[in-house]
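Chemist: Take the sequence shown: its letters are residues 9 to 142, numbered as in my numbering.
Accuracy of the hints is not assured; some may be wrong.
To be verified - Here are the simulated distance ranges between beta carbons:
| # | residue 1 | residue 2 | range |
| --- | --- | --- | --- |
| 1 | N48 | V99 | 16 to 26 Å |
| 2 | S53 | I91 | 16 to 26 Å |
| 3 | D43 | K93 | 30 to 40 Å |
| 4 | E54 | G23 | 30 to 40 Å |
| 5 | R74 | E39 | 30 to 40 Å |
| 6 | S95 | D44 | 12 to 22 Å |
| 7 | T103 | E82 | 20 to 30 Å |
| 8 | G23 | D44 | 16 to 26 Å |
| 9 | S95 | A40 | 15 to 25 Å |
| 10 | T25 | E54 | 15 to 25 Å |
| 11 | K93 | G114 | 31 to 41 Å |
To be verified - In silico DSS-like links for lysine-lysine, alpha-carbon gap of 27 Å or less:
| # | residue 1 | residue 2 |
| --- | --- | --- |
| 12 | K41 | K77 |
| 13 | K115 | K73 |
| 14 | K73 | K41 |
| 15 | K93 | K115 |
| 16 | K41 | K115 |
FYI, nobody ran anything at the bench for these hints, they're computed from the structure. Where is the CB? At the ideal position from N, CA and C, for every residue including glycine.
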Amino acid sequence: MANARRGEVDLELGGETLALVFDFNAIAELEAKFDDRPINELFSSESGSPPMRVIREALRIGLDKRNRKRTSNEVGRMIGEEIQKDSTALVRIITAIAEGIAGAFGKTGETAPESEKKETEPPRPQVAPETGGA
9 MANARRGEVD LELGGETLAL VFDFNAIAEL EAKFDDRPIN ELFSSESGSP PMRVIREALR
69 IGLDKRNRKR TSNEVGRMIG EEIQKDSTAL VRIITAIAEG IAGAFGKTGE TAPESEKKET
129 EPPRPQVAPE TGGA
């Protein structure tokens, strides 16, 4: 069972429950993968949803602690297959990543309103609303 206070979260993917772990080292690795950009910058974009490459790498890194190591292409394939089966899969994946990252910073469940957040607190990644279509 995942421990949210340690940045751990369970994600149903490909018919199995996978544990994602976002500890300090995982977040540092993710930032390093994208030229040391801070985690809050990686998950913000004009569209309101993080770039696909960031989602893929965050999932790959989160999976590495408790599961068989996978390449970026393998993780991308997993995401693509899940999206083909379930149109809400991308939202579930982004939400799981956001919860894990928030947990790594001691923020579980609902976070404080924007006006009450400390400047050092990383924002939870935004999930763009579904636009419909297949």
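Chemist: State for each hint whether it applies.
Modeler: Status of the hints after comparison with the structure:
Under the hint 16 to 26 Å, the C-beta atoms of N48 and V99, about 20 Å apart, fit the expected range. Between S53 and I91 the C-beta distance comes to about 19 Å, which sits within the given range of 16 to 26 Å. Checked against the given bound of 30 to 40 Å, the beta carbons of D43 and K93, roughly 34 Å apart, stay inside it. Checked against the given bound of 30 to 40 Å, the beta carbons of E54 and G23, roughly 35 Å apart, stay inside it.
A C-beta distance of roughly 21 Å is found between R74 and E39, which places it outside the suggested range of 30 to 40 Å. Distance hint for S95 and D44: a CB-CB separation of about 34 Å, inconsistent with the stated range 12 to 22 Å. Separation of T103 from E82 is about 21 Å and conforms to the stated range, judged on CB atoms against 20 to 30 Å. Restraint check, G23 to D44: a C-beta distance of roughly 36 Å breaks the suggested window 16 to 26 Å.
Take S95 and A40: their Cβ atoms lie about 33 Å apart, and the range 15 to 25 Å is violated. Remark: the range hint 15 to 25 Å for T25 to E54 is contradicted by a beta-carbon distance near 34 Å. Look at K93 against G114: about 34 Å separates their beta carbons, and that is inside 31 to 41 Å. A hinted pair counts as satisfied when its Cα atoms are at most 27 Å apart, and K41 with K77 qualifies at roughly 16 Å.
Among the hinted pairs, K115 with K73 is consistent with the structure: their alpha-carbon atoms are about 20 Å apart, no more than 27 Å. A distance of roughly 17 Å separates the Cα atoms of K73 and K41; the hinted pair therefore holds under the 27 Å criterion. Pair hint K93 plus K115 does not hold up; C-alpha atoms about 31 Å apart against a cutoff of 27 Å. As the CA atoms of K41 and K115 are separated by approximately 24 Å, the hinted pair is consistent with the 27 Å bound.
Hints 5, 6, 8, 9, 10 and 15 from the earlier list are contradicted by this structure; the remaining hints agree with it.
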